[in-house]
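> Spelled out, the chains give:
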Amino acid sequence: MDLTTKYMGLKLKNPIVPSASPLSESIDTVKAMEDAGAAAVVVYSLFEEQISHESGELDHYLSVGTDSFAEALSYFPAQEKFHLGPDQYLDHIANLKKAVDIPIIGSLNGVSTGGWIKYAQNIEQAGADALELNVYYIAANQNIVGSEVENMYVDVLKEVKKNVKIPVAIKLSPFFTSMSNMARKLDHAGADALVLFNRFYQPDFDLDKLEVVPNLLLSTNWEMRLPLRWIAILHGNIKASLGATSGIHNYTDVLKIMMAGGDVAMMASELLLNGVGRIAQILDGMKKWMEEKEYSSIDMMKGSMSQKKIAQPAAFERANYMKTLQSFKTLN
Amino acid sequence: MGRRKITIDGNEAAAHVAYRVSEVIAIYPITPSSTMGELSDVWSAKKIKNIWGTVPSVTEMQSEGGAAGAVHGSLQSGALTTTFTASQGLFLMIPNMYKIAGELTPAVFHVSARSIAAAALSIFGDHSDVMATRQTGFGLICSNSVQEVMDTAAIVHRATLGSRIPFIHFFDGFRTSAEVVKMEELTDEDIRAMIDDEKIKEFRQRALKPENPFIRGTAQNPDVYFQGRETVNKFYDECPEIVQKAMDKFALVTGRQYHLFDYYGAPDAKRVIILMGSGAEAAEETVDYLSQRMEEKVGIIKVRLYRPFSAKHLLTAIPKTVENISVLDRTKEPGSLGEPLYLDIVTAISEAMSSNNPPFAKMPKIVGGRYGLSSKEFTPAMVKAVFDNMKKPEPKNHFTVGINDDVTFTSLDCDENFMIEGDEVVRCLFYGLGADGTVGANKNSIKIIGEETENYAQGYFVYDSKKSGSTTVSHLRFGKKPIRSTYLIQTAKFVGCHTFGLLEKFDVLGNIENGGTFLLNSPFSKDETWDNLPIRIQQQIIDKKLNFYLIDGYAVANKTGMGSRVNTIMQTCFFAISGILPKVEAIEQIKKSIQKTYGAKGEEIVKKNFEAVDQTLENLFKIDVPSKVTSKIEIPSIVSDKAPDYVRNVLGKMMEGKGDNVKVSEMPIDGTFPSATTQWEKRNIALDVPSWDSEWCIQCGKCAMVCPHACIRIKSYDKKYLNVAPSTFKMMDAKGKEFPDGYAYTIQVAVEDCTGCEMCVEVCPAKNKKETRLKALNMTPQIPIREQERANWDFFLTLPELDRRLINTGVIKAQQLQQPLFEFSGACSGCGETPYVKLVSQLFGDRSIIANATGCSSIYGGNLPTTPWAKNNEGRGPAWANSLFEDNAEFGMGMRLSIDKQNEFAIELILKLKDQIGNELSNAILHADQKDEAGIYEQRERVTELKKKLEKIKSKDSEKLLEVADYLVKKSVWIIGGDGWAYDIGYGGLDHVIASGKNVNILVLDTEVYSNTGGQMSKATGMGAVAKFAAAGKPNAKKDLAMMAMIYGNVYVAKVAMGANDVQTLRAFIEAEAYNGPSLIIAYSHCIAHGINMAKGMESQKAAVDSGYWPLFRYNPENFIEGKNSLKLDSKAPKIKLEDYIYKENRYKMLTKSHPTEAKELLVKAQEEVLKKWKFYEQMSSFEAGKDGSGKEETKN
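For the record, the sequence lines run as chains S and L.
Residues 1 to 332, numbered by the working numbering, are exactly what the first sequence covers, in order.
Residues 1 to 1197, numbered by the working numbering, are exactly what the second sequence covers, in order.
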């Protein structure tokens, strides 16, 4: 049985790739992922804010109150070197490369085309096989029109592509007026893969404290429908590879993504919930299903249910929506 | 290898050599010597080797006494050992110094000489400390400049090995220890050349070793002790020659020749000053001036080797032509015939003159005088005054110079206009805030000028006496010749004012030369600035024809992400205007120094600084100065007209920076100052202050409780008083049974005293329901509301305080109505200690006597000009004193003993006079219940009545009783200090005091580091925290002082954290005071040395408790007597991980960045420790005492 897949030029032994999460902070966990069968690993993200603020914050808090009072001209011993977030991240990439054989995909999370772009180069130099750009942007500013937001994505991608030779994936939010057009723009800008979709963590309210609080909810299975739809629509229409992320929890989810036309199925919530050993179980499930249904390779099923290849292409558009609503009514 | 020219201070110069010739270094922090130990520790952590290729071991001890003991032990065991100290620290070493010298053990102690605490403490420089060691048998050798510090260090380490005499190498604290100058660095080869390995071999052969056992340190009897003491004479006799030979050797190595006594001046001088220390540099400059410009025959002798004193070498150095000698001592020895150096010189010359071979044709007239105590300026004008005194037929003897002694008339008159600063030296003054980085930038500028140009350079920095909103003045000199001006700049060519507001605080342009350059950081545009300058500044700019430059440094800083730090911006302006270096080169050098300063902290901060530099020049403008003054802005008086005379006339001078003009007659004779003087120093340092929105206030009182500076006050009062309230005065109805019916309630902010820390806003739990970003307290710009709130504050003060008997102190909302008697201190903005101190003052201030250990709390509690301990409307308040660092528990216990004795005596006298006083009153007094405010009030009333009766009785006993009658009213003794005192240096005393059973209350303000001296590790430091002497994270767990105290069983012990549980804190304070025995409160005090946002200090406290790191509990022995468990845990089992607490704070977090591996390991260990300790406490609190009250405990199950 051939489970191999190609993702932005990387030949992977199967389509399961743990996505960026705290799990990759530990080398041992990444090794365990490899042992369980992960085909590649996207390392947790290096945030633009980490790069731009950590250094300033450290300087501020270590120097506040210094050179002010004759008895205490400083409050901390001088240190030769601080290994700040970015440095630690790069060291971690290098160490992971030494520890495992599967491809290591670095992840940069940011929004501007500022100085942090050069960390793409640093990640490449640290040995990463590819890079995932996670552009997390909430378009809250009323003065910014949609095209500006789109250009922001494209500009970041172009800037990074200009600076590195390794393949670059871009992880997107689903909130584009014209997703297909956006995908094409990014494809033209040189994206080696599109990763669909970024889950925006929605804030919550604490009613006792009257405060907005972060509230991380792990994905649930139904969230997979959104990437499934868009991968099915985009498959065959762009050159870039397609990665699915959000809501992939079991082997049937992976198979569906493959049939929609995805090249890899990424998961984090499932592994956080039930351990990295789930990779082996999912692969096992896939194999059994494929044997039963007589699929000899992933390639055979890839894109088989994409918009281009299904009997009713409208199923992914408005008609399907009407049908869904009607069926709901019937049920009630 | 060639020698580098480097720009360092005196402390670094000493440590540079000491570190390289030592194997063991045992230290304890004390200003101004701490830097030497800290540098050694940093070098040791970096694995920098000594000249024999091994890394010296650096150990922080629990006190200087401990350090000296460790040094002694290490020396006896054969390791080359050194230490660094000053002042009281040196005093604590004296017992060991006798031992080390008595045993002829080579060693060098490097001392940045400092004043000693007499009527007052002073951290500044003079020779009072080293002069108190001259009897120990240690040699004393002095350095006068930073270069000499490094040179002498190398000389003396050789000499001690050669002579077997241990030495103190001293130099002036601050003036030399902290002066940054360009100098030539000794290479390791130079130092190597100075050390004789044969002598080290001999030293090691004398060491204790089981392979060659012997006994040293016997006890001797009248038959031989005396003879034994005389055995060392020949070593002392030979020592001066050995030191001179070491100096000669040094000359061979470096070309710089020193002598035991160096003469400088006219070969045929008639008048000679003899002195030692940095003053000799100013004196040398003045000799040049007087000789060259005024053709005076004068000279100076610089004493280098003071002990052993060599009369022979002295007499050789003094010109034969001498007729008058003035000996200057930088110390005070009350009651003596003269100060030590004077007496030595008189003896040496008298003995020589009465010998068969007198050195001079005629006995010179010798007078002595004192100068420069506590870093008092010693200027050329003062040197001239000393020379002029010698011209008189009868020169004044036992004089002082530099002060106005209008009591015993010792002082010499000085010509204030005599200045010798010439054009060959460029002099620059910079006025800045501590927070804006001015000093750091100037230190970098000095390094750039010193190391990148041919110029010699010197920097000296004057700091504030307050820790919040502190100001700094930087004095920079540079020129083609070495700079010997060891005094503040008197006339400057360049003045930079880095904060606009300082134009009102200092006479910024008072010292600028005509035609000089003035650079101002102004928040106003180039067109608006002129009109916003005060009249005085405009006048000075016009009169002195200044070149006036302007930049809005804050705008540039904001734009480039630098916040309020305008340091690199102002530095760039300075280089651009002054033209010391070509502009391009200057910018390149500034960037190089930025890289060096910030490089370790990451590229982004370097980049931001670079951007600030790049954007500076386009924002720098030269202003065309109008020909006329247009301003209407007067500089307000620093002291209020309403202030008492003493505050206005004396403290006011200090506030204005004119304390040097205070006369001897204006100073108290015994260090006693009036209470409650901070109220007269309106500092207006906060940009934003809290503003009360009564609509949402729930009257919880938390804001007032946490306010570190007592700037938020609460009053509940009869509404009738509101008739004359200012129109903007805010009030609401008082809510709840805690307040009298129908009363009003006001929270008032003292906006002119507030430091803007925001802690009150952070803890305010009342959100504005219509706009949740707002609360019942919100920060608002201070300037627009200053006038209005000043009036409101003044009115608020007129409102009556609620009768203390009516206040329910067990509830915070009511308790916070108690008037704070500790207000507006100079503590850091957001200080975590002062809310506890203030609470003591509210609860017990009107009957408390406070013993305060030296440290942060004694500095913000007692540093002049104004002090925060206050008094209430009845004139009662805390009586406060600071003795020392190490003895505070004993000091407080002494107070208790004294009070108890006087109380006992008063009782005895009442019994004696019962018939005259009357039975009813006598019995009421003797059996008074003073457990609460009402009881104390009634007793006070009785004592008042008693006094009236006593005045009529008129017997010896009644007079005696009048003296001690006040001791019949309850007195509350509080012993307050930090963890450095309680856990380390004062622990022995604290242990003894709690074991004594005496009724004292000990408050430990636990910041987990030596905060006042700059964050050195104490035994209270948590595992994994970074502190000085724990650069790789403290490897051991925090000492459990509470547990150690609980073991006694009769000590009330509480661990509190106001930010986690304010009610528990309040209860603990009340119970501790009520407990009739020793009580110990350990209070979590967040601190600027934790690397946190101080506004959120209370959040840190909560996290510490939630993690289980800081369990809250109260251990009350009275419960045990009642058959209950003494220990009550007031916090719940850990509910967050330790890392969720500690990594909120940069003292821990930085370790993950600097030593990631160690950080991980220590985190695991520390977490285990927390859980282990929690279980232990939990178990301990779950035992139930026997019901029979026997104290027998049994488990619940």
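Among the clues, some could well be false.
[Stated by the list, open to error] Distance ranges between label pairs, derived from CB positions:
#1 L:ASN547 with S:GLN202: 40 to 50 Å
#2 L:ARG876 with S:GLN202: 54 to 64 Å
#3 L:GLU1158 with S:GLN202: 32 to 42 Å
#4 S:GLN202 with L:GLU695: 30 to 40 Å
#5 S:PRO313 with L:PRO765: 52 to 62 Å
#6 S:GLY277 with L:GLU695: 30 to 40 Å
[Stated by the list, open to error] Pairs of lysine-lysine residues, derived as BS3-like cross-links and limited to a Cα-Cα distance of at most 30 Å, are as follows:
#7 S:LYS97 with L:LYS583
#8 S:LYS81 with L:LYS297
#9 L:LYS480 with L:LYS526
#10 S:LYS162 with L:LYS1019
#11 L:LYS591 with L:LYS622
#12 L:LYS392 with S:LYS81
#13 S:LYS209 with L:LYS526
#14 L:LYS596 with L:LYS544
#15 L:LYS591 with S:LYS81
#16 S:LYS118 with L:LYS392
#17 S:LYS118 with L:LYS596
#18 L:LYS297 with L:LYS209
#19 S:LYS209 with L:LYS767
#20 L:LYS1149 with S:LYS98
#21 S:LYS31 with L:LYS737
#22 L:LYS1039 with L:LYS1019
#23 L:LYS1096 with S:LYS81
#24 L:LYS1132 with S:LYS81
The set of hints was computed from the structure by calculation and includes no laboratory data.
Treat the numbers as computed from the prediction; the structure is a model and nothing was measured.
Glycine included, each C-beta is placed from N, C-alpha and C at the ideal position.
> So which of the earlier hints does this model not fit?
Violated hints (numbers, rising): 1, 6, 7, 8, 9, 10, 12, 13, 14, 16, 18, 21 and 24; every other hint is consistent with the structure.
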